[in-house]
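Assemble the complex: chain R is given as a structure, and chain L must be docked to it using the hints.
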Amino acid sequence: MTAQTLTPTAAASPRRIRRSRIQAQDRSRNPARIVIAIVLAALFAFPIVWTTVGAFKSATEANASPPVWWPSAFTLENFAKLDSSGSSLLGYVMNSVAVTSMTVVITTVAAVLAGYALARYRFRGQNVFFGVTIGMLLVPYPALLVSLFTVMVWFGLTNSLFGLALIYATFQMPFAIYMMRNSFESVPDELIEAAELDGCSKFTALPRVILPLVAPGVVTVALFAFLAAWNEFLAALVLLNNNPSFTLPIALVNAQNGPLNTIDWGALQAGITVTMLPCVILFILLQRYYVSGLVAGTGK
Amino acid sequence: MSHTAVLSPPDPAATRATPGGSAPSVARSGRSRRRRSEGLQGWALAAPAAILIALFFVLPFGLTIWMSFFDWPTFGMPAPVGLDNYTGVLSDPKFGEAVLFTVSYTVVASVLGILLSLGLALLVRPKFAGRTAVRALLFAPVTIGFAPAGLLWLSMANARTGVLPDLFAKLGLAPGGTDWFAEPTTTLAVVVVMTIWKTVGLAMLVLITGMDSIPPEVYEAAKLDGARAWTTLTRITLPLIVKPLSLVILLTVTTTFLAFDQFYTMTKGGPDGSTVTVVYYLYNAAFVALNRGYAAAVAVVVVLIMAIISIAQVQLQRGRKAKP
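From first to last, the protein sequence lines stand for chains R and L. Reminder that position 270 of the first sequence reads as 270 in the numbering used here, one-by-one numbering, no gaps. Reminder that position 207 of the second sequence reads as 207 in the numbering used here, one-by-one numbering, no gaps.
Next comes chain R alone, as it looks inside the complex:
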């Protein structure tokens, strides 16, 4: 049902793109607009800055009431003691890095291959395959967690970071396959035919000729997979239940419920900083790919 809602009206014609470029040129010199925009941007950035600064406060200043707005000295001690009882912050960072990189690799490989198959091959059941993939969007994944937990017990994959990565990759499939299928479809047929004339088969043409052309799509898919896996909370909370295998978001919640229910705010803020800054930085570096993924996703 959603299928129809989300369907793009028309493919953007080259003419339309040119027009939108012209329009993007319209400038505003209204100082009120600029001031309001900058004030709002500062308000939006404030929580990020506050937490990052808080991460470098000394324990006394981080837990002071009323709060200390600016630390008298910057220290790294908070980063060492997120969870003094279990593994260190570094251990959780490594878990998150492991889950995230496995998710990115599995998602990218599976989606590139499936996208290529959908765009360039004719096979029985191809429409069913694509339909089921897109149909996943209609089923909210928290609703599947009850049985996913049971399935993971059957497969012996509870408490496994690899098992978690498999789940994350699966739920990236609708976006990733859709994105890759469109990328491969936009490669002109002539290029593939030329490659075939040069002695490539359809299959060997993929890594040699076509993959470089769809690199932007691959980066977009990898970026979305990274953000999803790095930030995911509910499945990790349900499927990981021994402390050393926790990913960062779960470790943070655990630190928050520390012994005697006291919270070490400095340590918590250090953990939040380590969790959020990679995403913010990666987004700033790869903005172009994020937006192109968004544009592809919204069918503009």
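If you are wondering where the hints come from, they were derived from the structure by calculation, not from laboratory data. The beta carbon of each residue, even a glycine, is placed where N, CA and C say it ideally should be. The reader is advised that the hints may include incorrect statements.
[Claimed, not checked] Covered stretches of chain R (in silico footprint by chain L; criterion: 3 or more residues with CB under 8 Å from a CB of chain L, positions within the stretch not fixed):
id	stretch
1	61-74
2	104-116
3	162-170
4	187-193
5	209-220
6	284-291
Just chain L now, kept in the frame of chain R:
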């Protein structure tokens, strides 16, 4: 999984029909062999994705429906109970409260979020000095996960060390030391503000791409006709961004309705169970009460609710289209 998953719209027009029935009758055996080998290669390429989807989506999806008709203990044999789980869910006042709370949270957060994202999109669409940086800062919170973002706002809003209560006290807006998480209303307010902070950038960006594709001639014509800013907005911009706008509405409503992380990290469902969302209720049933069959029934109900929201959205859009 996250907002990203919902973003990819299907494109039935582009889905090519598999040639087969319409193949020329002169198909020779060599040709059909080639087609068969193409079919095999196609499936071989699609296999990794297909296996993932079969094992971690289709299987748990079927199992959820199956489990919902059983009493499913953690250890021991499941026992069929017919529709008992469903009647149990629908007659539990706590479930009704959770639905009611989730709906009100969704309405408040979605309405405020969509209005703000529309305002932001209009504000930062035209070029001005520093536009790129402003857009990036407005968008940055979207990339942070709901769980760390929830903890971040907890550290800013808690009564003891939080900067926000301190600021409110300094400005004389509230007495010092007020615990915002002690009252259901202020608790909800903090979560709503945090949700809007985290989600509004995405909606803004989608709306901007919609606005950028409106041909400038339309605005020029409106200007020549002497249209005022408000008229231009309601008569030109809004009707021409109906598609991205309805996508934003669907996206916001569905993700807000499935909220869990921010409540788990910030309120734990409190105070007094006043902020238990539907997914939180599901989590409690499945992983706290360990009542898995019952939780599966809750999950099926959640899937149905989401389907109703999607259908309602499609109907609304059809109705709008039907009008001349």
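Against chain L, does the stretch 209-220 of chain R show at least 3 residues with beta-carbon separation below 8 Å?
violated (count 0)
Count the residues of the stretch 162-170 of chain R with a beta-carbon closer than 8 Å to any beta-carbon of chain L: does the count reach three?
Coverage by chain L holds here, the residue count being 5 at a Cβ distance below 8 Å.
Between the stretch 187-193 of chain R and chain L, see if three or more residues pass the 8 Å beta-carbon test, and mark the coverage as holds or violated.
violated (count 0)
Taking 8 Å as the C-beta cutoff, is the stated coverage of the stretch 284-291 of chain R by chain L satisfied by three or more residues?
The restraint on the stretch 284-291 of chain R holds, since 3 of its residues have a Cβ under 8 Å from chain L and three suffice.
State whether the coverage of the stretch 61-74 of chain R by chain L holds or is violated, taking the criterion as 3 or more residues with Cβ-Cβ distances under 8 Å.
holds (count 7)
Quick one: see if chain L covers the stretch 104-116 of chain R, three-plus residues with Cβ-Cβ under 8 Å.
holds (count 7)
Violated hints, in rising order: 4 and 5; the structure is consistent with all others.
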